[in-house]
Amino acid sequence: MNEGEPEPERDRERELEALLELSRRGRAKLERLHEVLTTPGHYGTGATPATVVYRENKLRLLRLLDEAGRPREGRPPVLFVPAPVSRYFILDLLPGRSFAGHVAAAGFDVYIADFGTPSREDRFADLAYYVEGLVRRCVRTIGALTGEAELNIVGYCLGGTLSLLYSALYPETVRRLVLLTTTVDGDVEGGIPWVAARMGLDGEDYDNPRLVPASEVKSWFEMLAPGSNSTVGRVSDLWDRLDDAPERLREVRTMASWVDDVVPAPGRLLAELYRKLGPGANGIMKGTATVGERLVDFRAVGMPVLSVSAEKDTIAPAAGVDAVRSVVPHAEILRLPGGHVGIVAGRAAAALWKRTVEFLGP
Amino acid sequence: MADDKKNDELPLVERWLAEQQQWQRTFTTYMDSLVKNEDFLVHLGNAMRGSLLAGKPYPTQPPPAAAAPETPSEDKLDQILFALRQLEGQVQDLRLTLDELKADKKRGAKKPLPPRPKEAE
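Protein chains in written order, with my numbering: chain D, 1 to 362; chain V, 1001 to 1121.
No false leads were slipped in.
Derived Cβ-Cβ restraints for the label pairs, each shown as a range:
1. D/Asp-187 with V/Leu-1087: 31 to 39 Å
2. V/Met-1031 with D/Gly-280: 54 to 62 Å
3. V/Glu-1100 with D/Arg-55: 18 to 26 Å
No farther apart than 30 Å at their CA atoms in a straight line, the calculated lysine-lysine pairs in the DSS-like style are these:
4. V/Lys-1036 with V/Lys-1056
5. V/Lys-1102 with D/Lys-58
6. D/Lys-312 with D/Lys-354
7. D/Lys-286 with D/Lys-312
8. V/Lys-1056 with D/Lys-29
9. V/Lys-1076 with D/Lys-276
10. V/Lys-1036 with D/Lys-29
11. D/Lys-312 with V/Lys-1056
12. D/Lys-58 with V/Lys-1056
13. D/Lys-276 with D/Lys-286
14. D/Lys-58 with V/Lys-1076
15. D/Lys-312 with D/Lys-276
16. D/Lys-276 with D/Lys-58
Covered stretches of chain V (chain D as the covering partner; in silico rule of three or more C-beta atoms under 8 Å from a C-beta of chain D):
17. 1019 to 1031
18. 1034 to 1043
19. 1052 to 1059
Because the hints were derived from the structure by calculation, they are not lab data.
Here a beta-carbon is modelled for each residue, glycine too, at the ideal position from N, C-alpha and C.
My request is simple: use the sequences and hints to build the entire structure.
Structure follows, in structure tokens:
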């Protein structure tokens, strides 16, 4: 810029400089986006080598293998039960970022129930189908494979609800129980049951259920995550993130592979969960929960229980999770900093993994 | 971006021209990926919805035709299919019970037999 240039000319030049910088930054973001989109992403499978030991309907029971491709047999079996409305691989996300892999590396014989993607006929699946059926048969299969009468169960989110109900019905088969971000008090405001009520889930038909589309399930999660409940909000968030280094963006992409890849949900299961355990009914807290015809007596949960909540959990608010003490007074409560997904698979997840291995014991 | 640093020495007009060329290059790169890589279109579509989800399209509302109510016969067929799924589970339960019985029998057979009571003399 020349000293002798008139003022308006200099102003225009400064403006053009600023615009040029803006253009460069926008282009750099698009180049970074291209780089991320053209490198392999996470395609929805677990990170740890595994073999399928049982199949039923869409369910696969995976047994994790060691480096030599053999099952680990030193320590007692552990069954991971994820939520049936999301994908299982959040528990086995990446090498070095796998909760199940960490527990397996500590010597436990680890199994993961992958409930798969329900199709239209599965809309009739109810709580009994999951608890008395799929979860119970997973436990029995593991018993048959290992010869062990008892195993450890780690249930995540809605998978924790299934695990808690199962443990109350079949306590003799559960050695230790870990509940991760599992809502017990359905009256606590702010979690999925409350959002589901606002979205009309209370009107979900038990007798004539539908397969609730993945996009609808996704919209509940979006309602709970500020900034992601509109396309404009999400695009703006992604645009801001494109300033990050490609490595960081790849991490974001890995998490997106789980967060954004929800599965359709059986309407009958949702209707039953809502009517029995949701706001108002609050069946676990009130002791009125049933699975099929059986009333669930939570006093039967005599095994050691560790319940983990996340301080910033918007899906299963910590107060509703910690309420487990009301029904299982001996339960150990652990509240960790972080969110619903972060405490399991985020950068700070090591705290949970370490405590879980300690809790599962020898 | 390295090119941008080099260009910083140039007069503003030339920098703008260089920037324009860079945009053309970026545009060509995107077009190239769209033509050569089928997945890229899916990934780009996801990014335009604000998601970096890989491998499959971001979940969106199904088209109205897919959400159309089922006919009574389709509904019945689904009920039958699900009943078959439940039966599949019951058969598995039966198989597991048989395996458990077999295992119990094996364990029982391995146990040393209890000493025979002495016959009355």
